[in-house]
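Asker: Sequence:
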Amino acid sequence: MTHINSRLLDASEERLNALAPLHGYAEERLVSLEDAVVPLRNLIHNIDVRVWTATNRSENPTDKLTPDESAAIILYTIEWDPSHPSLYLVLNGTLRLEDRRKLVPWFSFLKLLLTGLYKLPSIRCTVWRGVRGDLRSQYKLGAKMTWWAFSSCTASISVLESEQYLGTSGTRTLFAIECLNGKDIKRHSYFAQEEEMLLLPCTHFQVISHLSSNDNLHIIHLREITPPFMLLEPPDVMFASKKNLR
1 MTHINSRLLD ASEERLNALA PLHGYAEERL VSLEDAVVPL RNLIHNIDVR VWTATNRSEN
61 PTDKLTPDES AAIILYTIEW DPSHPSLYLV LNGTLRLEDR RKLVPWFSFL KLLLTGLYKL
121 PSIRCTVWRG VRGDLRSQYK LGAKMTWWAF SSCTASISVL ESEQYLGTSG TRTLFAIECL
181 NGKDIKRHSY FAQEEEMLLL PCTHFQVISH LSSNDNLHII HLREITPPFM LLEPPDVMFA
241 SKKNLR
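Residue numbers for the sequence shown follow the working numbering, so the first one is 1 and each next one is one higher.
Hints listed in this document are in silico derivations from the structure and should not be mistaken for laboratory results. Here the structure is a predicted model, which is why all the values come from computation and not from measurement. Honestly, I wouldn't trust all of these hints.
Unchecked claim - Using C-beta positions, here's what the derived DEER-type ranges look like: (1) D48 / A143: 40 to 46 Å; (2) I225 / G93: 39 to 45 Å; (3) H210 / R124: 41 to 47 Å; (4) H45 / I208: 19 to 25 Å; (5) P82 / E195: 35 to 41 Å; (6) N216 / R96: 23 to 29 Å; (7) E163 / A20: 39 to 45 Å; (8) D35 / A192: 23 to 29 Å; (9) R29 / P228: 28 to 34 Å; (10) G142 / D63: 35 to 41 Å; (11) I123 / H45: 32 to 38 Å; (12) I4 / P228: 33 to 39 Å; (13) H45 / S158: 33 to 39 Å.
Backbone N, C-alpha and C define an ideal beta-carbon position, used for all residues, glycine too.
With the hints as constraints, model all of the structure from the sequences given.
Answerer: Take a look at the structure:
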């Protein structure tokens, strides 16, 4: 059975209102993945089994990541069984909450995950994300907004046009995103065959244009821009001066 990456289709979950910046997690010590998830045991079903899987698939990571940093990315991409939400669903839902105190149990994991992601090259390219429905009313021309959670995208529009995703009929919205800091995570994904590009939390955009076709397909062109303030603190001071970081 072909795996469906549902993270590519969750754009309707975005909260476009202003939230407090993501600060505080960087003060945590870097620890092993096993230790980083201890505060999450009451939040994520059977997380220790998935941690075991992730750590056993990250023994020789690329991109100068440590095994634990790579394992944190793998754990983020693992799907749980249908009766329990995956880690990425719970994490992204928490990142979209107004109450930033709910993120405190995630700080150790975020420290490890973001340290690994910041080590990956930041890629400037156009990526795609989609959703069923028409979201144009939420993305006015010229408007600026922030996606507060991790955002999974693909570099190939044909992926989203396949029947397993949006298909070619019905009302659909595609986001064409000019990103500045895309992270290619395929070498650190549980589903290594997928060409997944990950945008970091607190990515800031401007709406450039709308385009609609006769078959109910609406394309919203977004451009990543620098926010007026630092919305995502870097995981370590060594990353703070790099131009490609918010």
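Asker: Could you run down the list of hints and mark each one as holding or not?
Answerer: Verification of the supplied hints:
no. : hint                    : in the structure
1   : D48 / A143: 40 to 46 Å  : 43 Å, holds
2   : I225 / G93: 39 to 45 Å  : 25 Å, violated
3   : H210 / R124: 41 to 47 Å : 23 Å, violated
4   : H45 / I208: 19 to 25 Å  : 41 Å, violated
5   : P82 / E195: 35 to 41 Å  : 25 Å, violated
6   : N216 / R96: 23 to 29 Å  : 27 Å, holds
7   : E163 / A20: 39 to 45 Å  : 40 Å, holds
8   : D35 / A192: 23 to 29 Å  : 26 Å, holds
9   : R29 / P228: 28 to 34 Å  : 31 Å, holds
10  : G142 / D63: 35 to 41 Å  : 37 Å, holds
11  : I123 / H45: 32 to 38 Å  : 33 Å, holds
12  : I4 / P228: 33 to 39 Å   : 37 Å, holds
13  : H45 / S158: 33 to 39 Å  : 34 Å, holds
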